[in-house]
Amino acid sequence: MKSTEAAIPNGGAGAAILAASVGCFALGILAVAADGSKAAARLLTFYRPTGPLSGVTTTTILIWVAVWVAGNRIWRGRTIAIAKVSALSFAFLVLGLLLTFPPCEDFLLRR
Amino acid sequence: MQTTWRELVTAIHGMMFGGLFLMTAFAFVMMLYRSLAAEGPAESGEAGRHWDRIYLIVMVLLGWGAVLSGTYVVYPWYRATAPAGVVNLASWPQRLLLSDPHTAGWHELGMEWKEHVAWMAPILMTMAAWVLMRYKEAVEQQRRLRVTVAMFALTGLLATGVAAGFGAWINKKAPVAGGSTIALAQDRK
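Sequence lines, in order, name chains A and B.
Residue numbers for the first sequence follow this note's numbering, beginning at 1 and rising by one.
Residue numbers for the second sequence follow this note's numbering, beginning at 1 and rising by one.
Worth flagging that the hints you see were computed from the coordinates, not collected in a lab.
We treat Cβ as the ideally placed atom computed from N, Cα and C, and that holds for glycine.
There may be inaccurate statements among the hints.
[Unchecked claim] Interface residues of chain A toward chain B, partial, derived using beta-carbon atoms under 8 angstroms:
1) A16
2) C24
3) L27
4) A66
5) G96
[What the hints assert, rightly or not] Lysine to any residue pairs mimicking SDA-like chemistry, simulated, CA-CA at most 20 angstroms apart:
6) A:K38 - B:A80
7) B:K136 - A:W75
8) A:K38 - A:G51
9) B:K136 - A:T79
10) A:K84 - B:R144
11) B:K136 - B:M151
12) B:K136 - A:G11
13) A:K84 - B:M151
14) B:K136 - A:A81
15) A:K38 - B:T81
16) A:K84 - B:Q141
17) A:K38 - B:R79
18) B:K136 - A:P9
19) B:K136 - A:A7
20) A:K38 - B:E112
21) B:K136 - A:R76
22) B:K136 - A:N72
23) B:K173 - A:A83
24) B:K136 - B:M30
25) B:K136 - A:K38
26) A:K84 - B:R143
27) A:K38 - B:E108
28) A:K84 - B:V147
29) B:K136 - A:A83
30) B:K173 - B:I12
31) B:K136 - A:G51
32) B:K136 - A:I8
33) A:K84 - A:P9
[Said to hold, decoys possible] Which bits of chain A does chain B cover? Going by a derived footprint, with three or more residues having C-beta under 8 angstroms, they are:
34) 43 to 50
35) 54 to 60
36) 100 to 111
Generate the whole structure from the sequences, applying the supplied hints.
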């Protein structure tokens, strides 16, 4: 069973999982940055009616897609240790979730 | 029977895109968790796999439709700044919520969380759908991969739930309204 599992390439799947979690983490970091710094908020205002949220989400998408494309190029067709990728991805995902939660954001920004 | 343009668009954002995304995401997560309990790989013919793909693509499109319509159409109406001297803030939902300490939390916690966490849902569901479509064999054979995809999809569903729940509640407290009037049916005489 183990040899069968190892023989099936899962690298592309791992790259997609890791990229999604990095995207969520980036979303959290950018949300805190836009909330905590007026300069960052100005920089992230890509579309004035939406405000900094436009830049936060657009940059998140760009980071997510870039990591996905790069990861897919490296891991596609390969069999990787999915347990390690999963653990790392969960860490990024949980951090991203915490950073978007306003009480955590306020704690970090000491408000 | 009338509505306004902004109410109609908000309903399309929340009920059509958001509501349908929540339902399809819930069914998707249920399907993933059911597959974890299954004894072996589920057998489905070419037609079944075709419909699975269509379902996943529609789910993902609904998710992106919800966040894009919310962020770029409804949210600007929500956060618009009221002109100086305006007393009735009914047309400026964010200002209306912040004007009362009893409702300010709906913006400071609800909208501040919703506007960001909502974007995680389509990212996570796009990943989950893509992995299932592209790496179906690996997902069926490797339980660890299946569990990871299921956990991420569950997180996406929870993010959708937070966004949808706060969205519905905030729109009850301070509805997005205004714009041209649309007659949905003839008024009773």
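The hints, checked one at a time:
With a cut of 8 angstroms, the hint placing A:A16 at the interface with chain B holds, because the nearest CB-to-CB distance is about 5 angstroms. For A:C24, the interface hint holds, since its Cβ comes within 8 angstroms of a Cβ in chain B; the closest pair sits about 5 angstroms apart. With a least beta-carbon distance of about 6 angstroms to chain B, the hint placing A:L27 at the interface is held under the 8 angstroms criterion. Hint on A:A66 is violated. Least Cβ distance to chain B is approximately 13 angstroms, over the 8 angstroms limit.
Interface restraint check for A:G96: the shortest CB-CB distance to chain B comes to about 7 angstroms, inside 8 angstroms, so the restraint holds. Distance hint between A:K38 and B:A80 is fulfilled; the C-alpha atoms sit about 18 angstroms from each other, no more than 20 angstroms. For the given pair, B:K136 sits about 17 angstroms from A:W75 by alpha-carbon distance, which is consistent with the 20 angstroms threshold. Note on A:K38 and A:G51: the hinted pairing holds, with a Cα-Cα distance of about 12 angstroms set against a maximum of 20 angstroms.
Of the supplied pair hints, the one linking B:K136 and A:T79 holds, its CA atoms being roughly 14 angstroms apart against a limit of 20 angstroms. Between A:K84 and B:R144 the alpha-carbon distance is near 10 angstroms, which keeps this suggested pair within the 20 angstroms criterion. Proposed proximity of B:K136 and B:M151 is supported: the alpha carbons are some 17 angstroms apart, at most 20 angstroms. Proximity of B:K136 to A:G11 is assessed by CA-CA distance (about 13 angstroms); at most 20 angstroms being required, the pair is judged to hold.
Proposed proximity of A:K84 and B:M151 is supported: the alpha carbons are some 15 angstroms apart, at most 20 angstroms. Between B:K136 and A:A81 the CA atoms are separated by roughly 18 angstroms; this keeps the pair inside 20 angstroms, and the hint holds. The hinted pair formed by A:K38 and B:T81 meets the criterion: a straight-line CA distance of about 18 angstroms does not exceed 20 angstroms. Between A:K84 and B:Q141 the alpha-carbon distance is near 18 angstroms, which keeps this suggested pair within the 20 angstroms criterion.
With a CA separation close to 17 angstroms, the supplied pair A:K38 and B:R79 stays within the 20 angstroms bound. Proximity of B:K136 to A:P9 is assessed by CA-CA distance (about 11 angstroms); at most 20 angstroms being required, the pair is judged to hold. For the given pair, B:K136 sits about 14 angstroms from A:A7 by alpha-carbon distance, which is consistent with the 20 angstroms threshold. A distance of roughly 16 angstroms separates the Cα atoms of A:K38 and B:E112; the hinted pair therefore holds under the 20 angstroms criterion.
Distance restraint check for B:K136 and A:R76: the Cα-Cα separation of roughly 15 angstroms lies within the 20 angstroms cut-off, and the hinted pair is therefore satisfied. With a CA separation close to 16 angstroms, the supplied pair B:K136 and A:N72 stays within the 20 angstroms bound. Between B:K173 and A:A83 the alpha-carbon distance is near 45 angstroms, which puts this suggested pair outside the 20 angstroms criterion. For the hint linking B:K136 to B:M30, the alpha-carbon distance of about 17 angstroms falls within 20 angstroms, and the restraint holds.
Taking the CA atoms of B:K136 and A:K38, the gap is about 46 angstroms. The hint is violated against a cut of 20 angstroms. Proposed proximity of A:K84 and B:R143 is supported: the alpha carbons are some 14 angstroms apart, at most 20 angstroms. Between A:K38 and B:E108 the CA atoms are separated by roughly 18 angstroms; this keeps the pair inside 20 angstroms, and the hint holds. Straight-line distance between C-alpha atoms of A:K84 and B:V147 comes to about 13 angstroms, which keeps the hinted pair within the 20 angstroms bound.
This hinted pair checks out: B:K136 and A:A83 have alpha carbons roughly 18 angstroms apart, not beyond 20 angstroms. Among the hinted pairs, B:K173 with B:I12 is consistent with the structure: their alpha-carbon atoms are about 19 angstroms apart, no more than 20 angstroms. With a CA separation close to 40 angstroms, the supplied pair B:K136 and A:G51 exceeds the 20 angstroms bound. For the suggested pair B:K136 and A:I8, the alpha carbons sit about 10 angstroms apart, so the restraint of at most 20 angstroms is met.
For the suggested pair A:K84 and A:P9, the alpha carbons sit about 15 angstroms apart, so the restraint of at most 20 angstroms is met. Look at the stretch 43 to 50 of chain A against chain B: 3 of its residues bring a Cβ nearer than 8 angstroms to a Cβ of that chain, three or more, so the hint holds. Using a Cβ-Cβ cut-off of 8 angstroms, 4 residues of the stretch 54 to 60 of chain A lie near chain B, which meets the minimum of three, so the contact claim holds. With 5 residues bearing a CB less than 8 angstroms from a CB of chain B, the stretch 100 to 111 of chain A meets the requirement of three and the coverage assertion stands.
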